[in-house]
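J.: The lines below spell out each chain.
There are 4 protein chains.
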Amino acid sequence: MVTDAQQACFEAGIKFGSLYHQFAGTPVSPDSARSLERAMAEAIENQPHCESVVVRIDDVAVADAIDHENGYTELTGRLMEVEMRIRYRGTTVRTRMEMEEGYPLMKLIGVEGGDGGETT
Amino acid sequence: MVTDAQQACFEAGIKFGSLYHQFAGTPVSPDSARSLERAMAEAIENQPHCESVVVRIDDVAVADAIDHENGYTELTGRLMEVEMRIRYRGTTVRTRMEMEEGYPLMKLIGVEGGDGGETT
Amino acid sequence: MVTDAQQACFEAGIKFGSLYHQFAGTPVSPDSARSLERAMAEAIENQPHCESVVVRIDDVAVADAIDHENGYTELTGRLMEVEMRIRYRGTTVRTRMEMEEGYPLMKLIGVEGGDGGETT
Amino acid sequence: MVTDAQQACFEAGIKFGSLYHQFAGTPVSPDSARSLERAMAEAIENQPHCESVVVRIDDVAVADAIDHENGYTELTGRLMEVEMRIRYRGTTVRTRMEMEEGYPLMKLIGVEGGDGGETT
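Chains as they are written, first to last, in our numbering: chain G, 8 to 127; chain W, 8 to 127; chain D, 8 to 127; chain C, 8 to 127.
Read the hints as simulated data drawn from the structure, not as lab findings.
No copy is singled out in the list; a pair is fine if it fits within one copy or between any two copies.
The calculated lysine to aspartate or glutamate pairs, modelled on DMTMM-like cross-linking and capped at a C-alpha distance of 20 angstroms, are:
hint, residue 1, residue 2
1, Lys114, Asp11
2, Lys114, Glu76
3, Lys114, Glu88
4, Lys114, Glu90
5, Lys114, Asp65
So here's chain G without its partners, still in its complex pose (with noise of 0.2 angstroms):
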C-alpha cells in the first residue's frame, strides 16, 4: 500500500527531475531568461498533480557565470530557483530547488492535509 501522501511526495519528484534534466543546459543570457522561466513553468505546469511552478532565473549569476566571448551560459541549478505546489488527491505539497553550500538541492518543504498526522 501507498499512501496518498506518498504518492504526491512521489508525483512532486518526478516534476523536479524533470524540469532540471530537460531544460540544463539550454543557452541562456540575461536577455533570453524571462522568456526561459516562463516556458519552463508553463510546460511543467502541464504535468499531472501540478498545481504552480515558479522559476526565478538569476541574473547576477548568470552574467557571473558568462566567461567567454560569446554572452551566453549554460542553465544549470546554481543559476535559478525553483518553486512547485504539487496536489494529489487531498495532499498539498510544497517543494524548492536553492542553492545550499554551493550545491543546488531540491527540497521537499512541506506535505500538507491527506492522511492525518503526516501533515507539516
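Given the coordinates of chain G, assemble chains W, D and C onto it according to the supplied hints.
T.: Relative to the frame of chain G, chains W, D and C by itself:
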C-alpha cells in the same frame, strides 16, 4: 515535518523524472539499445539514495517505431521499461515505468520500512 | 582549409541539433506552446553566429498528439516548424525544419554570399 | 544551390549539436563514464551520414568537478573530447570538440573530397 518515507518517495520521483527527461529523444536502434540501457542505469545510479536502476529497451517496439529510411527512432517511454529501488534512511521505495492503456506511466510500487504503518 | 561557407553551414547544423535535442520531450499543450516557441527561439539565438530563429508549434498537431487524459504531449519534430538564419563572416545560411513524407527533416535552404560561386 | 561539401558540413553540425544537448547534464562519475561514452557514440552514429563518433570523458576532469558529497557531477563540454567523421556523398567531414581558452569549442577540422577546390 516530512517523514522518511515521504522523503524517500520524493527522491524516487526525482530519479524517474531525471532519467526520462535526460534521455528521451536519444537516437536509438536495436543495435545501440544495449549501450543506452546501461548508460541510463549507471548515470542515474550516481544520484543520491539510488540503489539500483534497470532499464529494458524493447527492441521489437523500437523496430516498429522506425518509420523512415534512416534505421533509427527517438527514445520515448513507449519503448522501454524501467525499475528503480531507492533507499532513504530506513525506507526502501520500489518504482516502475510501464505501459498502461497505451501511455507510459511512472508508478510507485512499494514503500517498505521506516515509518511504521506506511509499509506495503 | 575550410571555407567560410562550409563553416557557416557547420554552425547552422549545430544550432539545429542543439534546438532539437535540448527541447524534444518537453511537455507541451496548446496553452503552453507560445511560451515554449519563444524560449526556444531566444535560447538558440544566444549561440554564436545565430541571427534569427523562428519556431512555430502546430496547435492542431499538438491537440491530435494528446492521446491521454492528462491534456499534454511531448514535443517532437512532428509538432513544429523551425526556420533559422545563420551568418558567418560574409556568408548567410538559411535553414528550415519541416515535415517531409511524415518525417521531420532539417534542411539547408540557401547559402548566400561569401565564397563566390557557391551562392544560391 | 547547396554544394555537397556544404551539406556535409551542415550534417556534421547537426550531429555535434545533437550529441551535446542530448547528453549535457547527465549525472557522471569516473565509474559511469565508460558506459556513457559508448552510449553517446552509438546513439549519434545512428544518425544519417554519421560514419564514426568517438567520445572520451576525462576522468581527472570529472573527479575535479565533483564538488559535493554525492560523488558525481553533470556532464559538460569541459569534461569530454569528441571526434566525428561525417560522410555525405563524396565528401568527408572531420570535426572535433576540445577545450580552447577554457571553453569547449566545436571545430570543423577538415572537408575532403567532393566539391573539387574546397578540399583541405
